[in-house]
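**Q** The hints should help you fit chain B onto chain A, whose structure is shown.
Sequence order for the protein chains is A and B. For the first sequence, our numbering assigns the number 1 to the initial residue and increments by one for each residue that follows. For the second sequence, our numbering assigns the number 1 to the initial residue and increments by one for each residue that follows.
Rather than coming from a laboratory, the hints here were simulated on the basis of the structure. One should not assume that every hint holds.
Away from chain A, derived, C-beta distances all over 10 Å, residues of chain B [as the list claims (entries may be wrong)]:
no., residue
1, M1
2, K59
3, Q73
4, K301
Heads up, simulated DSS-like pairs for lysine-lysine below, C-alpha to C-alpha not over 27 Å straight-line [said to hold, decoys possible]:
no., chain 1, residue 1, chain 2, residue 2
5, B, K117, B, K43
6, B, K26, A, K251
7, B, K248, A, K268
8, B, K26, B, K43
9, A, K59, A, K134
10, B, K134, A, K262
11, A, K248, B, K262
12, A, K265, A, K248
13, B, K76, A, K186
14, A, K262, A, K251
15, A, K117, B, K186
16, B, K248, A, K251
17, A, K301, B, K134
Glycine is no exception: its CB is placed at the ideal position from the N, C-alpha and C atoms.
Number of protein chains: 2
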Amino acid sequence: MIIAVDAVGGDFYPESPVKGAIEASKEHRDLNIILLGPEETVKRELDKYEHDSQRIHVKHAPQVIEMDEQPAQAVKTKRDSSIVVGLGMLKAGKCEGFVSAGNTGALLAASTFLLGKLEGVLRPAIAATYPTVKGFRLLMDAGANLEVRPEMYYQFAQMGSIYVEHVMGIENPKVGLLNVGEEDEKGTDDLKEAFDLLSDLDNFVGNLEGRDILPAKADVFVCDGLVGNLLLKLGESIPENMVQFIAKGIKTLELSSEEAEKVVKVLKVSLSQFNYENVGGVPFLGVNGVSLVGHGGSSPKAMKNMVLNAVKCVEHNVNDKIIASLK
Amino acid sequence: MIIAVDAVGGDFYPESPVKGAIEASKEHRDLNIILLGPEETVKRELDKYEHDSQRIHVKHAPQVIEMDEQPAQAVKTKRDSSIVVGLGMLKAGKCEGFVSAGNTGALLAASTFLLGKLEGVLRPAIAATYPTVKGFRLLMDAGANLEVRPEMYYQFAQMGSIYVEHVMGIENPKVGLLNVGEEDEKGTDDLKEAFDLLSDLDNFVGNLEGRDILPAKADVFVCDGLVGNLLLKLGESIPENMVQFIAKGIKTLELSSEEAEKVVKVLKVSLSQFNYENVGGVPFLGVNGVSLVGHGGSSPKAMKNMVLNAVKCVEHNVNDKIIASLK
Chain A
1 MIIAVDAVGG DFYPESPVKG AIEASKEHRD LNIILLGPEE TVKRELDKYE
51 HDSQRIHVKH APQVIEMDEQ PAQAVKTKRD SSIVVGLGML KAGKCEGFVS
101 AGNTGALLAA STFLLGKLEG VLRPAIAATY PTVKGFRLLM DAGANLEVRP
151 EMYYQFAQMG SIYVEHVMGI ENPKVGLLNV GEEDEKGTDD LKEAFDLLSD
201 LDNFVGNLEG RDILPAKADV FVCDGLVGNL LLKLGESIPE NMVQFIAKGI
251 KTLELSSEEA EKVVKVLKVS LSQFNYENVG GVPFLGVNGV SLVGHGGSSP
301 KAMKNMVLNA VKCVEHNVND KIIASLK
Chain B
1 MIIAVDAVGG DFYPESPVKG AIEASKEHRD LNIILLGPEE TVKRELDKYE
51 HDSQRIHVKH APQVIEMDEQ PAQAVKTKRD SSIVVGLGML KAGKCEGFVS
101 AGNTGALLAA STFLLGKLEG VLRPAIAATY PTVKGFRLLM DAGANLEVRP
151 EMYYQFAQMG SIYVEHVMGI ENPKVGLLNV GEEDEKGTDD LKEAFDLLSD
201 LDNFVGNLEG RDILPAKADV FVCDGLVGNL LLKLGESIPE NMVQFIAKGI
251 KTLELSSEEA EKVVKVLKVS LSQFNYENVG GVPFLGVNGV SLVGHGGSSP
301 KAMKNMVLNA VKCVEHNVND KIIASLK
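Isolated chain A (complex conformation) (with noise of 0.2 Å):
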């Protein structure tokens, strides 16, 4: 099986994603990776870590796309940057899927330009993990779609179970529709509408609140992406203002510098639950590929979880299987 890796993608290129490739490689013995980007920057990266020149590949992809640039101008004119000659080479079966964590805007607009949709797919999605008490769950869409048909809700619902199921591994996951309230007559025409269309499926437990998502009422949590996005990065942002609430109560209760050093230590290892390393990044579900980007932000640990998991998708014909659901 063959990977793409965005080489010049992300805060921390090369580094993040060629240690990270590489990690991935060691794990799994029958990937092949192909890194792109500007091949001398890649190759002087590559060459600093002991790695299987057999299964890693540089494919010359001089430009790189920005973090701020705007998505649309940035696709369309820089056709030799890492993402689109990466997308372009999924397209043309070189490789079996792409990662980045790089510009999530530009990879968005990319995928569903370049690889087209799913047959039957209305609209991708962005299928964000989300941080529960159980572990992550997801959210979708986050953020690709901010008005959404009934329609497309339930293909979210599908979608997003079988990418739960079978790349995260949970066993016959659970789907919510997030509503303001548990009742089935709730929310906008089109969220009642959207109820009656996911009622018709087994898995469906109905319309949940916002308290529902930290103790992961559900499996799957579907919206629009307006709402989605805006619940993710408030997710995301729990840990860091945590951690200065909890400052505040230290400071309350006066503690010794001994005792405040265990609740925080304490604290680290809870919020670790909170990393999105250890899933490394979340897929655009719905295009016609396997193609996933990762937080800016990303470590050589999330870049590696992020290839690890686009195989998942490959191994698990994650995409076949969405076909078959929709139809």
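**A** Chain B in isolation, oriented as in the chain A frame:
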């Protein structure tokens, strides 16, 4: 000044509202209270506590709107309920404010139908207090309007700013528009138009993301009621879930019971910053009268603070200021 208090609203009536009202009356010597509910029930509770019978009166309202009743239906059929009678008195000028920890939907419906809208207001909204590292800030709309037109965001910003400044005591409050990114051109067409309208306000800080809420990058966060309701309930659920996260951390580190106790103590003090008792309740801004609603689980302290917030709304002529700001 006369504030009417629903003595049979919330999960802990009549104790919470009656005790809370008495405590408020002790903190504010010019305050007269009218307790609404079945006369016998309310009087029996009132007689348990020392109180100034010159300033605390009971008004018979034999019907009770339960927490799970269908709001519009309940308001229409229970004309002798504490909610309908109380808001009727407010409308008739027999009191200057009304507070309740009862059925939020019924309170919103009754406040809107019975009081009507303030001059110039397009739609009243729920202005919810939100826990942040700097203390409580305002999020509106938190659920009254699931679909919001651009001019409504503008009015939410104006109404929210006035409440935050005069009732919550935050000088020169800043307003942010919740969106999927910080850049000016982000979001739906409605959000872009709202951004343009809000740009006329001196205190508008631009688009804000989900990660900007807990650090209080603004004092008033404006959004539609679907987004606001989901964000509010997620935020409110942080403390109890954080206890779960921390419990796992304590287990992982195999702390002694003494050490664990210390950590739990810090956590308890830290999470008290989320305690809504301190802010009491939230107003329906834009209705023609001072009407506040509290959590179903409101304690006597929460009820007391809600009554005192109603007093502040009256003393600071919040509604007159809102009318003036929209001219």
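**Q** Need the status of pair K76 of chain B, K186 of chain A: alpha-carbon distance at most 27 Å?
**A** It holds: about 20 Å lies between the C-alpha atoms, which stays within 27 Å.
**Q** Taking 27 Å as the top limit, are the C-alpha atoms of K301 of chain A and K134 of chain B close enough?
**A** violated (34 Å)
**Q** Hey, K265 of chain A versus K248 of chain A, does the alpha-carbon distance stay inside 27 Å?
**A** holds (16 Å)
**Q** Evaluate the condition: distance from the CB of K301 of chain B to the nearest CB of chain A exceeds 10 Å.
**A** Given a closest Cβ separation of 19 Å, the condition holds.
**Q** Checking one constraint from the list: CA of K248 of chain B to CA of K268 of chain A, max 27 Å. Satisfied?
**A** holds (11 Å)
**Q** Does K248 of chain A pair with K262 of chain B here, judged by a C-alpha cut-off of 27 Å?
**A** holds (15 Å)
**Q** Regarding the assertion that M1 of chain B does not contact chain A, is the least Cβ-Cβ distance greater than 10 Å?
**A** holds (34 Å)
**Q** Does the alpha-carbon distance linking K117 of chain A and K186 of chain B stay inside the 27 Å limit?
**A** Answer holds: K117 of chain A to K186 of chain B is near 24 Å, not above 27 Å.
**Q** Holds or violated: are the alpha carbons of K134 of chain B and K262 of chain A at most 27 Å from each other?
**A** holds (25 Å)
**Q** With the threshold set at 27 Å, check whether the alpha-carbon distance from K26 of chain B to K43 of chain B stays at or below it.
**A** holds (18 Å)
**Q** CA of K26 of chain B to CA of K251 of chain A, is that 27 Å or under?
**A** violated (32 Å)
**Q** Against chain A, does Q73 of chain B keep a CB gap of more than 10 Å to every residue?
**A** For Q73 of chain B, whose nearest Cβ neighbour in chain A is about 12 Å away, the distance exceeds 10 Å, so it holds.
Figure legend: structure checked against the earlier numbered hints; hints not met, in rising order: 5, 6, 9 and 17.
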